[in-house]
Structure formats: structure tokens, C-alpha cells
Amino acid sequence: MPEDDIIDVSDFDPNFRDEIAAEPGGEYIRRCFSCGTCSASCPVGGVTDKYNPRRIIHMALLGMRQEVLSSGFVWLCSVCYTCYERCPQDVRIPELMNAIRNIAVREGRIPQTFKTQVGQLRAHGRLYEVGDYENERRQEYDLPPIREESAQVRQILDDMDVEEEAE
Amino acid sequence: MMDVGRHPNIVLMAYSEVEEIAGYVGNFTVRVRKKARYVDEDECTACGDCVEPCPVVKADEFQMGLSTRRAIYIPFPQAVPSAYIINAHECLGNNPIACGKCREACEKDCIDFDMQDEIVEIKVGAIVVATGMDVYDPTPMDEYGYTSYTNVITSMEFERLISAGGPTEGHLVRPSDRTQPRRIGFIQCVGSRTALAENNPDGARGNPYCSNICCMNTVKDSLLLKDHYPDTDIAVFYMDIRAFGKGFEDLYMRSRAEGVRYIRGLPGEVEEDPATGNLVVHVENTTTGLLEQHEFDMLVLSVGAIPRQETDAVRQLLTLSRTGDGFLMEAHPKLRPVDSPTRGVYIAGCAESPKDVKDSVTQASAAAARVEILLNAPTIKVEAITAVVDEELCKKCGQCADACPYSAIVWEKKQVARVISAACAGCGTCSAECPYGAITMRHFTDQQIYAMLDAFLAEDPQEKFIAFACNWCSYAGADTAGTSRLQYPPNARIIRTMCSGRVRPDFVWYAFRKGAPVVLVSGCHYADCHYISANRKAVERVDVLWEGLEAAGVRPERLQLDWCSAAEGQKWARIMREIEELRAAVTAEEIDQARQALQEAKIPKRSRLDKLEKPTPATMRCYRCGNEWAVVFDPHADAERMCAACRSNSVRVMIDGEL
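Protein chains in written order, with the numbering used here: chain A, 1 to 167; chain L, 168 to 826.
Derived by calculation from the structure, the hints in this document are not laboratory data. A virtual CB, placed ideally from N, CA and C, is assigned to each residue, including glycine. Any given hint might turn out to be false.
To be verified - Just the calculated beta-carbon pair ranges, DEER-fashion:
1. L:265 x A:81: 52 to 60 Å
2. A:14 x L:304: 36 to 44 Å
3. L:424 x A:8: 35 to 43 Å
4. A:102 x L:184: 31 to 39 Å
Stated by the list, open to error - Examples of chain L residues toward chain A, derived with CB under 8 Å:
5. 406
6. 436
7. 439
8. 440
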């Protein structure tokens, strides 16, 4: 086996699980017995093998803090709650993923996509720009036009120091 | 089974229901309703002539609904007595216009539509409860598609399909097209090892415990399949294979050697191909971390065991307890595994917990031997620690009879209560409950306890605290602390009672009046109470006392409550240290104030909590460390109160506002 494939367990952080458990949403991580119901149910897992909730939880429980926080996979959860419904141990995986994301954010580990999205939110008050094209399409379906109202959203973002926290 | 039917000393009462059980060890009277079967069981030769003409066709319960039976039927071929029975709810009746065809067909004229239920009273000395279990219904786990997809069946249905006595005489076919399945999948832990939680509040998606039998049942099924149809491709999806019994590992290894594929991972999704009826299972093979798809002709859900629906009725008939999982509780999990807490009543088989044939036979044999020991003795010995009613003092109120966990007190309106010594276990809960002091608890009399309190508090009472400790757990816990040479403050003065339920509120009141700074009431943990549920009475009384002390202006924190098992010597030492700290903080003024106040003040009769009927928002307050938290308090939930911060049980339920 090449040396790179061997994981040095002395780098593990045994307190990582407690750190997650202390985070709102992460309380139930210790319940996982790795049955795989979540990963087999996961619609994201069907599209990409990068996201495997059971594997992430197992890595977190082992204390692989660096690996869990630095890789982007926790951001792939689509929060569909299928695993939440089916998990036999009530690990509450979507909320657990949020908890891990919050820890990652505090350390400034945010994928570029999310940073771009915050920029979009600030600029347009929503995740995409609404132009004439969109409103014309809406009119076709008898839907009222929407206007960009970014001021309030910007205010919320300012109050929450979102970007600052992300830095 | 035939032997049982023929045995001269066994009276078999099939199709009967126990309606009432009265009496006590050696002297039970059991009232049984023998339901009308509408067929004379002595005359019926089980020829079967009556079946053909019966027009009512119903799903056969014994065959798990995989075949049909008529309204007149034999439940299963080996049933004893070997006689037909009519299901009165299904039968069209003996109206000659409507039906009555079976009656015409029966040459021996055994069918009698006028037959009535019969009430039989029998006297027995001992009772064995062996009421069995039910299996989990996997319909709510919609990801597996049971009842949506025809070829997804339960392990019970599979059992009928592969049994020579089953609907197909053991020729394995799948339900959709009755062809022989070539690829079969098994899913383990269906309905087992599933936490009761937000997504599963009522256990519809399964129960928290391991059902014990399903792993080996699947291993056996896989070997049966390989034996009958060696070409069958078999995959088993599991979390853990629990092959712990004698020869079990061997069987598991044989199954693997036969080529059965064991794949670690529970499927998340099952899809049906509508054209073929085949099933695609989506699973993560957790040993490789890769997602896999498997196609099967038939899928078997290895369903778990659940307590029989009627367990609660049986429990009430015999005043038995249930463990958290709903199965019947034994008197002691290790040392008295087939005894119930009620003397003369034994439990065996799956009524106690899910188990296989061998364990059931072991338990049944043990229960039979226990009965034998009891019934063969010319007399039985009862501990001399029993309750005695003073007929002069008894005001005939009957509160003692309500308090007794063993129903050992017989009371009728305007009658003096009477203790049945043989049934009395000696907890003393009745004595503590009696408002008139009319019940003497032998060896633990009120006088003895007051004398101990007097002696302990005669000199320097402010230096000591009183600890009531139950004989089985807390006192034994103190012993463990002692034999382990654990160090703890020596200020406790321990008063042993058989049960914390013996602690009469007046004892606590008296101790404070005599100048005790702190009083501790301690007993067994909820699940371990040696007197079924008598320690719950201690909690009720501590609640009453807390309210009474508060009303009298005495700091309720001075009364403490804790559960400590015989093994928890460490915990006992910790409780002693914590309470000593509380004691040291009680001032001389406080002690004097309590002395005065409690001379006048009366102990309330009932706690405010008694008025609660449904779950109510409440604040839990720990009287050890001061921690507070909000809960919805359910007055019917039988659960220990414990402080999450300091793990003490001195937790008071504070209901906000008026009740």
C-alpha cells in the first residue's frame, strides 16, 4: 500500500464528536451505528459518490476533523430529509450536516459557490437576478411581476455579519 | 401437542379466555370463559365433511393469509383438540334460508348453533404465563414496499411458503406469478433496533430492542433454500449478524460457505419493476462504501418480535409488571428469571422477551420446576416480615388495599382490611399509607423507627442527617461503599426499611421536628424496585412532603430523594458527600424554625400533582444542585426523574400557575 493511503490516527481529534454534539443540530451524532440506510436512501448519493452521509458521520466519529471540514462533501446535502425519516437511530442527518457546516464556516471554510451566492443575495435580494425575461415569462402564466427588493435582505446580511463570519 | 391433550393430569382449554384471577400463591381461583365453538369437540372426528359445503371463504390466519379457509375450520392440522370450530362472526348462521349447510353435511350431528359460552372456575396453586409474542408489521416502512409490491413478503410468510405444511406444500413460489424465485434477498432488523424518536414516536417503524431470533432464522432459511434449490442466489442485508448461541456461528459459517452473500448495509429503497414484478434493492455496501443495486425475484423482510397485544390484559389480571420494551418483567433478570414478582406466578417463553425454541423450552422447563418445588412442599414459608392490620384502629377506608402492589390486602366497603400473609411481600407500603396507623409492619414497626430517630437526634442533631435506605438497593449500595473502603462523610444515620415505600411521611416530619438538618429517602431505581412499584409511592410522598415543607416555611431542599442500586457504592459515597454539603449549609436558625413550624403544620393529604390528568408544561427543579429545566410533564409516564447536571433524583416537578 502506498504510504499516502495510510492514515495516521495520531492526527485525529477525539473531541471532534463532542464539538459536533455541542453544536445545535449535531446532538445526536453519537447514536449512529453505521447501518447505511441514509446513504442508500440519499438522492444526492445517487448522482455523485462524493456525498455519503454514513461515511461522513463515521469519519467525524473517528475524529477526522481536518478531512471532514476541509473537503466539500458536507455542503452537498440537499436537506431533503429522506434520511431523517428513515434513520433507525434518529441521528437527524440534515441538521447534523448543518452543524458541521457551521463549524466549517467559523473556520472560514466555505466553498466558493456559497460565497458567490451571498454576493448574489446582497446584490439582488435573491439567488438570481430577476430581469425582464423572467417577468415576461411570469406574465404568460398570469403571475404578477416581481421586483428586486434587496435593501431589506442587505440589512439582514449586515446585521448578521454574514460575510465577516465567512472570512 | 398430542401428548398434552392426552395427559391425565393436564386439562387443556383451547379457545378459552381467562377473565378473572383471584387469590394468592397456592390458592388461586381462575375464572375462564370457554367460548362456544358450535361443534361438539368430543363427538367431532375431524372428518372434514362440513368444510366443503361452507360458502364462507376467509383468509387463513395460520398460513399468514396465503391460503383460505372456511367459516368452519380447524386452525391448523395438528391443533388439539382435533375438532372443527365455527367462527360465529363469519358464519351465516343456522337460519335454514341463509345457510346451515354444514349441519346437513355432518353425519354425526356434532354441530350445535345454540351452544353458549361456558364460564368455568378452576382452583390452582400456581400459574405460568406463556402467552407468546406477535411479529412486527412492516407496512409503515414504505421504503421496503411491503403490501405495495407483491413479491415483498415477511419472514413469517416465507416460513409458510417453504413449510411442507404450508399452502404450497413446501414448493417455493413467489406471490405475483407463482413461479419459483431464483434470486432472493433478505433484509434484517426490520422493526428491530430502531429508536423511539421524533421520526418514530409510537414504534410504527420499529422497536429499540434486538429481536434475538431473526438473524438465525434467516441463516436457517438460507440453508433450507440452498438445500431445496441449490441454484438460488441469496443475499442477506444486515447490520450485525448476531450468531451467539451454541452452534449458531457454525450454522452461519455453513450458510456463507454455501455461497449466501452477506452484505453489510441496510437498504434505503426498494423499487419494483412493474413488468416483471422483480425488485431492485438500493443499498450501500458499508464495507466498501459503495452504493450497489441488486435485483431479486423475491424479497423477504426479516421482521422483529413485538409483545403480544393482549399482554397488558394479562398483566392486569395478575398484577405483573412490564419492562420498557413492553414484555413481562421477571422478578430478577439474573437470579429469578422465570419468577414473576407475584409469588406463585411464573413466566416463560416470548411473553418475557423474544427468544428461540431452545430458550423457550429451557424457560418453560425452569418454570415447571419452580412450580413443582412450590406445589410439592406441604407448607410454604413466608418471610415473617408481613403487615398486620389492627382491627380496632382500622377505619375501613381501603387506602391500604389500593397502595399494595401485590393485591395482598382484601378490603370491601365497611369491612376491616385483611392482609393475606401468603401474598404479602413485606414492603410496608400499606403501613406508610394508612392514615390511622392501623397497620403494623412486622420487624419495621413505627415504634422501632421513631425510637431510632429519637436516639439519632437526641444529641447534636445538627451534626447528622437521616438517611432512609431500602433493604435491597440503597442499603446494599451503602454496604458496597463500605466493603470497597470508599471514603465519605460519616454524618449519615441510616435507617433501613424493606422498601422506600415504607417511609411514612410522618417519619420525615418527626425527624425535622427533632432537629434533623437534612433527611434523605433512598431506594431502588425504577426498573429495579423489589416490590413491583412500591418505590413510586415513595416519590408521591416526597412530593407531598416538599409541598408541606414549603407551605410551613421550611426549605424543601432539606428533604432529598435518590435511587442507588446495590452495585452503586461509588454513587452512595457521592450522595453522602453531596448531602453532607447540604447539611453543613443548614443554619441553626433554620433548624429551630423547622422545629417550631412543623409542630403546628400538618402534612398535606395529597400532592398538587395528583390533580394532573394529562401532560402539562412544567419546570423541573433539582433540589441537589439547583438546576432547572422545562419539560412537558406526563403524570402517567412511569419514568425516573433525574437531573442532567448532577444526576441526582431530588427533582421536583413545579407546575406553573393554578391547577
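### Query
Holds or violated: is the Cβ of residue 406 of chain L closer than 8 Å to a Cβ in chain A?
Constraint on residue 406 of chain L satisfied, holds at 5 Å.
### Query
Does residue 440 of chain L pass the interface check with chain A, least Cβ-Cβ distance below 8 Å?
Nearest chain A Cβ about 17 Å off; hint violated.
### Query
Minimum Cβ distance from residue 439 of chain L to chain A below 8 Å?
With a minimum Cβ separation of about 17 Å from chain A (threshold 8 Å), the hint on residue 439 of chain L is violated.
### Message
Assuming the hint says 31 to 39 Å, is it satisfied by the Cβ distance from residue 102 of chain A to residue 184 of chain L or not?
### Response
Given range 31 to 39 Å: violated, Cβ gap about 58 Å.
### Cβ distance range 52 to 60 Å for residue 265 of chain L and residue 81 of chain A, holds or violated
At roughly 54 Å between Cβ atoms, residue 81 of chain A and residue 265 of chain L fall inside 52 to 60 Å, so the hint holds.
### Query
Between residue 424 of chain L and residue 8 of chain A, does the C-beta distance stay in 35 to 43 Å?
holds (38 Å)
#### Entry: Residue hint residue 436 of chain L, partner chain A, criterion CB-CB below 8 Å
Nearest chain A Cβ about 6 Å off; hint holds.
### Query
For the pair residue 14 of chain A and residue 304 of chain L, does the Cβ-Cβ distance stay inside 36 to 44 Å?
holds (42 Å)
Violated hints for the displayed structure, listed by number in ascending order: 4, 7 and 8.
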